[in-house]
Amino acid sequence: MISIILFVLFLPICTFAQGTLSIGERGNIVIGINQQDSVTYSVHLSNQTVFFIDSIKVQDIYQEFERIRPDSIAFMCKGIGNLSIHGIALAGSDSMTIVSVRGTLKDKILLDTSFVITISSKTTPLPYIRFSYVSENVPNPVMRGEPTEWTYELDKSGSIQLSIITLDGRIIEEYSMKQDKGSHVFRFIPNTYTYHPGVYGMRLITEQGIHFRIWNVSP
Amino acid sequence: MMIAFFIFLCSFSIQAAEPDSTMRRKPKLDLESLSPDSFAVESDFLNMSIGWFPKIGAFRAIDVTGSSSSFWNDGVFHMSSDIPGSIFNVPNLIFSGNSVYSIDDRIPLLPFSMEESDEELHEQDFSTTYLRLRQSIPQLGIIMHIGLGITFVNRMFFAQDRSKQFLNMQGSLSELHELHEVSIDETELISHLSFELPIYGASMELFGQNSYSYYSFFAGINSMYVLDSDFLHQSFIVKGQDAIRYPSGSNILTIQQRSYMNEIQRLRLGIETGLGWHFGFDPFHLGIEGFLIYPLNSILKNHDLQTLNLSLRTYLGFSF
Numbered sequence: 678m679i680s681i682i683l684f685v686l687f688l689p690i691c692t693f694a695q696g697t698l699s700i701g702e703r704g705n706i707v708i709g710i711n712q713q714d715s716v717t718y719s720v721h722l723s724n725q726t727v728f729f730i731d732s733i734k735v736q737d738i739y740q741e742f743e744r745i746r747p748d749s750i751a752f753m754c755k756g757i758g759n760l761s762i763h764g765i766a767l768a769g770s771d772s773m774t775i776v777s778v779r780g781t782l783k784d785k786i787l788l789d790t791s792f793v794i795t796i797s798s799k800t801t802p803l804p805y806i807r808f809s810y811v812s813e814n815v816p817n818p819v820m821r822g823e824p825t826e827w828t829y830e831l832d833k834s835g836s837i838q839l840s841i842i843t844l845d846g847r848i849i850e851e852y853s854m855k856q857d858k859g860s861h862v863f864r865f866i867p868n869t870y871t872y873h874p875g876v877y878g879m880r881l882i883t884e885q886g887i888h889f890r891i892w893n894v895s896p
Numbered sequence: 024m025m026i027a028f029f030i031f032l033c034s035f036s037i038q039a040a041e042p043d044s045t046m047r048r049k050p051k052l053d054l055e056s057l058s059p060d061s062f063a064v065e066s067d068f069l070n071m072s073i074g075w076f077p078k079i080g081a082f083r084a085i086d087v088t089g090s091s092s093s094f095w096n097d098g099v100f101h102m103s104s105d106i107p108g109s110i111f112n113v114p115n116l117i118f119s120g121n122s123v124y125s126i127d128d129r130i131p132l133l134p135f136s137m138e139e140s141d142e143e144l145h146e147q148d149f150s151t152t153y154l155r156l157r158q159s160i161p162q163l164g165i166i167m168h169i170g171l172g173i174t175f176v177n178r179m180f181f182a183q184d185r186s187k188q189f190l191n192m193q194g195s196l197s198e199l200h201e202l203h204e205v206s207i208d209e210t211e212l213i214s215h216l217s218f219e220l221p222i223y224g225a226s227m228e229l230f231g232q233n234s235y236s237y238y239s240f241f242a243g244i245n246s247m248y249v250l251d252s253d254f255l256h257q258s259f260i261v262k263g264q265d266a267i268r269y270p271s272g273s274n275i276l277t278i279q280q281r282s283y284m285n286e287i288q289r290l291r292l293g294i295e296t297g298l299g300w301h302f303g304f305d306p307f308h309l310g311i312e313g314f315l316i317y318p319l320n321s322i323l324k325n326h327d328l329q330t331l332n333l334s335l336r337t338y339l340g341f342s343f
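Which chain is which? The protein sequence lines are A and W, in order.
Under my numbering, think of the first position of the first sequence as 678, with each following residue one higher.
Under my numbering, think of the first position of the second sequence as 24, with each following residue one higher.
Just chain A, with the same shape it has in the complex:
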């Protein structure tokens, strides 16, 4: 019941302080009045290439936050007053992103709302596309028969090719597929017979370039 009352209190004052932002321009989202201490907030961006959150304030007090992933942050609110999220409009792969904000206190949802941030470019039209990129695999080194994962991001949908290769360029395994833009995970289990302990490569070929990573199979 309390959570419903708080949600109703929050809802009318959740506003986006500015209209369309230009690339390079700073903007802020006024979420509302945080009426309780120690409320845990999670903020998720549908497209992290469009808006970069760099500070969060309650009244004029900066809040410490943790960037869980490039598109997600979490923080515990300290203080009571106007809660606002500040950031900068980026040259990204789209002209809008949805900011989802959820506030919880002791497993009770106090706030669950979302905003749309629209970005415009006054000079060069959007979008921009970043080169493809593969993260280091986790875990690395990997035991034979156990999984390891690479994370990669695509700024536009298209065909991709993932290859497990030896250091002299011989392809051991290859996977081709079409994928949507966004963040993806490639999960791989090196089998006992093919993968002897040593150093291998993982190559990602996309329409946004080629990226290569070294990984290890442990004895």
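Rather than coming from a laboratory, the hints here were simulated on the basis of the structure.
Quick reminder that beta carbons are idealized off the backbone N, C-alpha and C, glycines included.
It is possible that some hints are incorrect.
Claimed, not checked - As a list, the in silico SDA-like pairs of lysine to any residue whose alpha-carbon atoms are at most 25 Å apart:
(1) Lys-833/A <-> Ser-273/W
(2) Lys-799/A <-> Ser-197/W
(3) Lys-858/A <-> Leu-133/W
(4) Lys-262/W <-> Phe-889/A
(5) Lys-858/A <-> Ser-273/W
(6) Lys-858/A <-> Gln-188/W
(7) Lys-833/A <-> Lys-262/W
(8) Lys-858/A <-> Ser-271/W
(9) Lys-734/A <-> Gln-188/W
(10) Lys-799/A <-> Lys-262/W
(11) Lys-858/A <-> Glu-198/W
(12) Lys-799/A <-> Asp-253/W
(13) Lys-799/A <-> Pro-131/W
(14) Lys-799/A <-> Arg-185/W
(15) Lys-799/A <-> Arg-178/W
(16) Lys-262/W <-> Ser-797/A
(17) Lys-262/W <-> Ser-772/A
Claimed, not checked - Incomplete in silico selection of chain A near chain W, CB under 10 Å:
(18) Ile-700
(19) Val-727
(20) Ile-765
(21) Ala-766
(22) Ala-768
(23) Ser-770
(24) Ser-798
(25) Ser-809
(26) Val-811
(27) Glu-830
(28) Lys-833
(29) Thr-883
(30) Ile-887
With chain A fixed as given, assemble chain W onto it according to the hints.
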């Protein structure tokens, strides 16, 4: 015997008289009053003029004249700075004729690669070719030029945009710098009338054949009529190109490409002046001229935008 002796004595007297007569001769010319650098010789078969402001003999020649950017530089100099981007439909940028970025920063790259592509790179350019009549007017000591030709000129304007950032794949912010380039590529019909004053040199007319070598100053008026004008607006990623690109994957994005005939002044006037060196040995004529064309009106209808041309040209001509 007496006669032979008399002739012998007479010959001595003639030899002895010569030194005396030389000593007593009054010089007809005051050599010191003559400038050794400048004199003229006139006779029925030889006319010669050497030195300052030489008199060039009568000739009439048709020249093929050419000028190209490769001679020296691109030949286009901008007279305006801080050109508002609104005149190019890019209201948020300020353009100028110069850029801090080198031509290497504008080299087209292959999609999502740092390898250079074979795509053509636009450069500022000025070249002209025309036929010119040169007619000496010995009575006035000048040479008249009348020319008609064609000029290709590509004027370029640049604006920087350093306001942008992007999220790199490592999750942090990186700077994105862009260079906007506007080029107005034109084909112009050019006509000119100018007069040339020989400053220093030599001219000789021997048995009706004219030959000369002289330096000159010339000035006149040019009129240009634009036959074709194309507008191109491109954006280049000059910082961050190893991590982010335009949707095609290239570091270059064409934003506008269209005919520019409605926005420009088609008829333009300019004052042409310069210095030249000319050599002629009938029927051949050749020379090199450094020239400057100073504009008298704007390139565009709605904004005062002027460029002057400073370049070198050479010509090869034949008497007729």
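Name the hints, by number, that the structure is in violation of. Violated: none.
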